[in-house]
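*Asks:* Residue-level listing of the chains:
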Amino acid sequence: MRWKPLLELAFWLLAFGAIFLLPRRLLLLNEIAILALFALSLDLILGYAGIVSLGHAAFLGLGAYTAGLTAKHFAVDPLIAIAAAAALSGLLGFTTSFLVLRGSDLTRLMVTLAVALLLGEAANKMQWLTGGSDGLQGVTVSAVAGLFEFDLRGRTAYVLSLTTLLLLFLVARRMMASPFGMSLRTIRDNPLRAAAIGVPVTRRLVTIYTIAAIYAGIAGGLLAVTTQFVSLDVFDFSRSADVMLVLILGGTGYLYGGILGAVAFKILQDVLSGITPQFWHFWIGLLLVLLMVIGRNRINGWFTALAQPFRRHVDREVAS
Amino acid sequence: MTSPVLETRQLQKHFGGIHVTKDVSFELLPGARHALIGPNGAGKTTFVNQLSGVLQPSGGQILLDGEDITRLRPDLRVRRGLSRTFQINQLFRDLTPRETLGIAVAQRLGAGGRMFTSFSGNRAVTSEVDALAQAFGLTDVLEIATSSMAYGKQRLLELAVALAAKPKVLLLDEPAAGVPEAERQDILAAVKALPNDVAVLLIEHDMDLVFAFAERISVLVEGALLVDGTAAEIAADPRVKAVYLGEGGHG
Amino acid sequence: MDGITGGRTSEHKRCMLTNLFDGIASGMVLFILASGLAVTLGLMNFVNLAHGAFAMAGGYATVQLTTKWGVPFLASLPLAFLISAALGAIFERTLYVHLYARPHLEQVLFSIGLVFMAVAVADYFIGSQQQYAVVPDYLKGRFDFYGVGVGKYRLFIIAVCGVIMLTLQAILTRSRFGAQLRAAVDDARTARGLGIPVARIFTLTFAVGSGLAGLGGALGAEILTLTPTFPLKYMISFLIVVTVGGTSSISGPFLAALLLGIADVAGNYYLPAVGAFITYALMLAVLMLRPQGLFARAQ
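Protein chains in written order, with my numbering: chain C, 1 to 320; chain U, 1001 to 1251; chain X, 2001 to 2299.
None of these hints come from the bench; they were simulated from the model.
Keep in mind that a hint or two might mislead.
Listed next, the stretches of chain C that the computed footprint assigns to chain X, with coverage defined by at least 3 CB atoms under 8 Å from CB atoms of chain X [said to hold, decoys possible]:
| no. | segment |
| --- | --- |
| 1 | 19 to 31 |
| 2 | 109 to 119 |
| 3 | 274 to 281 |
Every residue gets a Cβ at the ideal spot worked out from N, C-alpha and C, and that includes glycine.
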């Protein structure tokens, strides 16, 4: 069946084509691409390894501040600032992975939440470095690779974010179709049994948690570099909650879920907050409540049908 | 005198104040067909869980090929050739048998952690999975989700997965538990057909299965080893009869 | 510190005692707010992140009753309890009941959805500015107790919360209801077989927990900040109370709430540069070292 990869190709062509098709919405599209990358990162741990998190914003936030500070104080290329964000978030992911290894879902929820709170509070109190509640001001970003200046319309920003998303998506897909990716799925299903067939559970979880942290850090780095501003809300609980909703909306465990979810979420946000600015979270909340009351399995069934062309293709790569 | 491939020395396990494994010193010889029996609550599964590393013993030692593995992680025990099946079905529900077997084989071949090679493209893994599926009659269900397979097939997959690690020692925890009568013979045949060089320790309630399979039998009662002998000796031992009759005529 | 009088030498000490007193009062309120969560999360094993929404409802109810409808403050407190309890019962019957048997992740997402809705609704109808209840004159101000400034309102809070805490303790450990609740949680099927009305017990427990949250919200309207983000802001505190206190007893969360209340007041006063950092670090440490809670009885 040739048309499934073609549909995928069409999706990415459309995403890049939006540069010319929707030149007035590039700032929104940039936000979508960054959110998609953030959700993709959560999918790696939640969808593939079964690690629940209420504090994934910790990595986004650390990445954003790292890139923002690097760009501000060292006037380096934005790509280097983003690389620094990836490195530091990865280090945080590696360190904190040992905290989420053991324990029930509930413990993991609390631990991840506490880590994000801790970082948010640290950023708040280290005013001399982060600007505290005023946010990190005066981030000036040079041209990407010395060639592409950031413009007010967000064209360079969107191209940079979308390209990063595509590259990291391809890496993730390759990774999830590997023996490593498959062994993660055994851990998600049953960690005890995974160990009994020889899967080194701890090492696998540490690895994927670190990788997911790098991804989220890069998303944060993109956020800082493309908006040239970082505020404390990058660590907010609602960031962690939103990204979870995005992923659940799109479906877990097939990599496109985060991307489709981000598109749906941001369009929803754009439309709803256009109607009543402060009220849009109500509708998002209602959607979450309904989704959960009806049941994720049933919803997943509907979405599987809708997303079938995407899912199939990835599944075939991953599975058979 | 051959030295045992798996051995425990004065193994102890406490849960709070309850003593569930009492001073168990046990030997399993290479290629053995050994059964561990005992009434309900004798601590058989607890014993196996300590052997496979699911539980940490409170005291004593476990040796595999003469090496102390008492504190070794479960996955590393598998690497050294100690594999097991589970009494209650603990297979990966969402994965297909091909995936389940594949990851076990890949893990053994040292390819389980590779991040940038295709899982399905590994020839060595694929051919070994096909051979295992053939041997256990799973070829026709290789590509369907494990949760939608017949229960008897799931038990066979359980055996195949354990064997995928090419173990020296295989611990079978009630392989026929919950399997409908019609499919029991398949399980028995599969157990009997296990490679000769693998030492097998069978934990089982079903005495027909035990005597059809085991050459040696150990009896565990209230956490302690009561007696150890050939199948014929155990069948004739009055103490074993007393234990089982006392429990209500099991077997 | 307005209530401080007396010699300079002991001023520091008195200020410390006043702080301690204020800390105890806010810890007490925090306990009342979180006690319902300790039961639903601890006993019923349901992760209800929307617990604070019921507290907020109680807070707004008291504000509305005392400022708009002229209801006396003391009379508004039981009404706040009843309003939040009724809301709790309705939501439990219609929504929560569908999620009891689900994974924690789904309970989390569901209750986050409720929080989002509650925040938006409060913002839309009441506005984002902080709300205050009308507190009667006899509960205002401080009196001097051997040089230590004692806020009357805080003393009132300590008395009310102390009584509630003891009542709760008695109900859960001594009464038939407590035994039935524990049986229903342990094994719902067997409990049903024994003729215990499991569904009704769960609804009642949930309603009382929500009602207590509402009462806490009403009592705290004066000393906490009552704004639409209340459920989000204090969710963290509730979780800390339950995490650190453990859920095997009522006294665990009680001690944890006191500790948190005192640490918060003292931290803001003595270590403003560190703030909540220590609290979160403590929470993390407890989760790592004693996942069953700092004050939980050993198994």
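*Asks:* Does each hint hold? Answer for all of them.
*Replies:* Here's how the hints hold up against the structure:
Judged by the Cβ-Cβ criterion of 8 Å, the segment 19 to 31 of chain C is not covered by chain X as claimed, because only 0 of its residues qualify and three are needed. With a threshold of 8 Å between beta carbons, the proposed coverage of the segment 109 to 119 of chain C by chain X holds, since 8 of its residues qualify and at least three are required. Judged by the Cβ-Cβ criterion of 8 Å, the segment 274 to 281 of chain C is covered by chain X as claimed, because 5 of its residues qualify and three suffice.
In the structure shown, a violation is registered for the earlier hint numbered 1 alone.
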